[in-house]
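Enquirer: Please take these sequences and the hints and turn them into a complete structure.
Number of protein chains: 2
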Amino acid sequence: MSAEGNGTGGKSPLKILDEQYVRLFEAHLEEFCKEERSNIPERLAQSMAYSLTAGGKRLRPALCLAAAERCGVAPERALPMAMAAEFIHTASLIHDDLPCMDDDDFRRGKPTNHKVFGEALAVIAGDCMMIWAFSHALCRLPAQGIQPERVLRAVTLLAEGSGPAGMGGGQVLDTDRESQRDDRDFVFEIASMKTGALIRAAVASGAMLGDISDATLQCYYDYGTHLGLAFQIVDDILDVTATKEELGKTPNKDEAQDKRTFVSAYGLDEAKRLAVRESEAAAHALEPLFPQGDLLIDVAKSLAMRTF
Amino acid sequence: MSAEGNGTGGKSPLKILDEQYVRLFEAHLEEFCKEERSNIPERLAQSMAYSLTAGGKRLRPALCLAAAERCGVAPERALPMAMAAEFIHTASLIHDDLPCMDDDDFRRGKPTNHKVFGEALAVIAGDCMMIWAFSHALCRLPAQGIQPERVLRAVTLLAEGSGPAGMGGGQVLDTDRESQRDDRDFVFEIASMKTGALIRAAVASGAMLGDISDATLQCYYDYGTHLGLAFQIVDDILDVTATKEELGKTPNKDEAQDKRTFVSAYGLDEAKRLAVRESEAAAHALEPLFPQGDLLIDVAKSLAMRTF
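Going line by line, the protein sequences match chains A and B. Taking our numbering, I'd label the letters of the first sequence as residues 912 to 1219. Taking our numbering, I'd label the letters of the second sequence as residues 912 to 1219.
Just so you know, these hints were derived from the structure itself, not from any lab. Predicted model, so just to flag it, every value in this text is computed and none were measured. Glycine residues also receive a C-beta, built at the ideal position from the N, C-alpha and C atoms. Watch out, some of these pointers could steer you wrong.
Claimed, not checked - Stretch-level coverage of chain A by chain B, calculated; a stretch enters the list once three of its residues show a Cβ under 8 angstroms from a Cβ in chain B: (1) 953-959; (2) 1048-1057; (3) 1079-1088; (4) 1175-1187.
Unchecked claim - Example chain A residues on the side facing chain B (calculated, C-beta under 7 angstroms, incomplete): (5) His939; (6) Glu942; (7) Phe943; (8) Val1034; (9) Ile1035; (10) Asp1038; (11) Ile1042; (12) Trp1043; (13) Phe1045; (14) Glu1060; (15) Pro1075; (16) His1195.
Expert: This is the structure we're talking about:
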């Protein structure tokens, strides 16, 4: 990955993000899935744990923890917010994989949830995980000493990012034939809702846990908006250009040509330019808060570098 | 209906509940579905509005508003909590009707959501409605002057009642073959999770909006627990005994014999006895708060009467 060695002592920003936040999150999640089963039917607990522990980049929880720490809240205290963001993301993947949606048999090399537990249980497991996100955050954040007003606002940000005007709305634009348009702006609209809204919500809800001003919140919000777009553009580019080894999966060129992506709408070169533009806009949004630089700024800058 | 004329001036308690709370709720919901479409893809808004306005008893929101009013919160101020309970209930019905679940083509005489909008949109509409429940309540209850701590606790009650240890867990017990047991207690377990948990949450979350003690909350919580069970038992009985006119639908005797119900597990007479027992327990839970009687107590008592 060409993001290595951009002035952070040889380690890529994503690697540092991983060491500082993803590992903490993974350990917590692992423990949670083993222990938190009281009053939950066994097969349902198994089904949810199966998808929650099936790997993934954990980008949303890592960004949530990083934003919280920068706003004065130790990552350990922000874990319930990060968990909630990952619950909603995982739930959306379980439902995305269903036969009536993308009809995928495998995700990250493992059989999809409905292949293991059946469609009915997969539908309910996704539903439960979405609702669990809210009970988890609403119940555990106050126990971490986060003020009730801040909990309310942070969890509201997460709900808005995942609901009908956020991720859920984006899924409709992406999958519902009658909702689709042919203009190129539509690709931006889908990406900013389907992918961008939850990434932005993860960042902003983490920041919101701290004692910050609305102006500071806006910086994190804008960072999340542009980072989310950059992330989707890079994903679309890598789907076309990456080799199997780089991507960790078979590049699905047929699918990429079928589906509306930044590459199909803008062509490869213009898509790369857009990735750089959104990465830089994300970095730019945080620069007023960190004139000396910061890992989150490096993460944003390194994202577009992955496509070169 | 034999619940008429039980000392409330000729009107049945359910009719009074309807006049005092359901009409207010219906008017609010109707208005909301027309107006609240900003940033929501049109087809998604249509799909959600289709199921939200497709009728139904509105028992959960009515109980929520009634409990709130008895705890000092005017029904108008508690509407966001009642809306959230109904959103979650409606979302669960959309997913219940899917081909991979109950595979129903009609609900309340209208084509089910997936029959009109397709399965993919029905899955996402259900997801979005569940999440909308939370953003709606978290955002609008504070605007009604409800204290943030109370909002947090009330919405947590709703989430717990609908998630993996509540309604969602009950759906798994009800539909997942590998989760099922043969003992009669299992029917209680399913009903108390699948139906009871959300009814209890609707009552308790409404009460929680007021400035009440934990002891008072417990009364409403217990009321909701027993009322939810009574409601399911009565529903199972009416599915077998009611004529088409009484029920407003064709009694589905084959289904009732196929599925695990209170009637199939206990027989009709014992089921009626259990309905009376749970109705009385619900009434009993609220009696300390209302020594002179109350509509909610009458509602509970009248419920079992419907089976005679």
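Enquirer: All hints are to be evaluated individually against the structure, with a verdict given for each.
Expert: Do the hints match the structure? See the list:
no.: 1; hint: 953-959; in the structure: holds (count 5)
no.: 2; hint: 1048-1057; in the structure: holds (count 3)
no.: 3; hint: 1079-1088; in the structure: holds (count 7)
no.: 4; hint: 1175-1187; in the structure: violated (count 0)
no.: 5; hint: His939; in the structure: violated (18 angstroms)
no.: 6; hint: Glu942; in the structure: violated (17 angstroms)
no.: 7; hint: Phe943; in the structure: violated (13 angstroms)
no.: 8; hint: Val1034; in the structure: holds (5 angstroms)
no.: 9; hint: Ile1035; in the structure: holds (5 angstroms)
no.: 10; hint: Asp1038; in the structure: holds (6 angstroms)
no.: 11; hint: Ile1042; in the structure: holds (4 angstroms)
no.: 12; hint: Trp1043; in the structure: holds (5 angstroms)
no.: 13; hint: Phe1045; in the structure: holds (5 angstroms)
no.: 14; hint: Glu1060; in the structure: holds (5 angstroms)
no.: 15; hint: Pro1075; in the structure: holds (4 angstroms)
no.: 16; hint: His1195; in the structure: violated (25 angstroms)
Hint compliance for this structure: hints 4, 5, 6, 7 and 16 are not met, and every other hint is.
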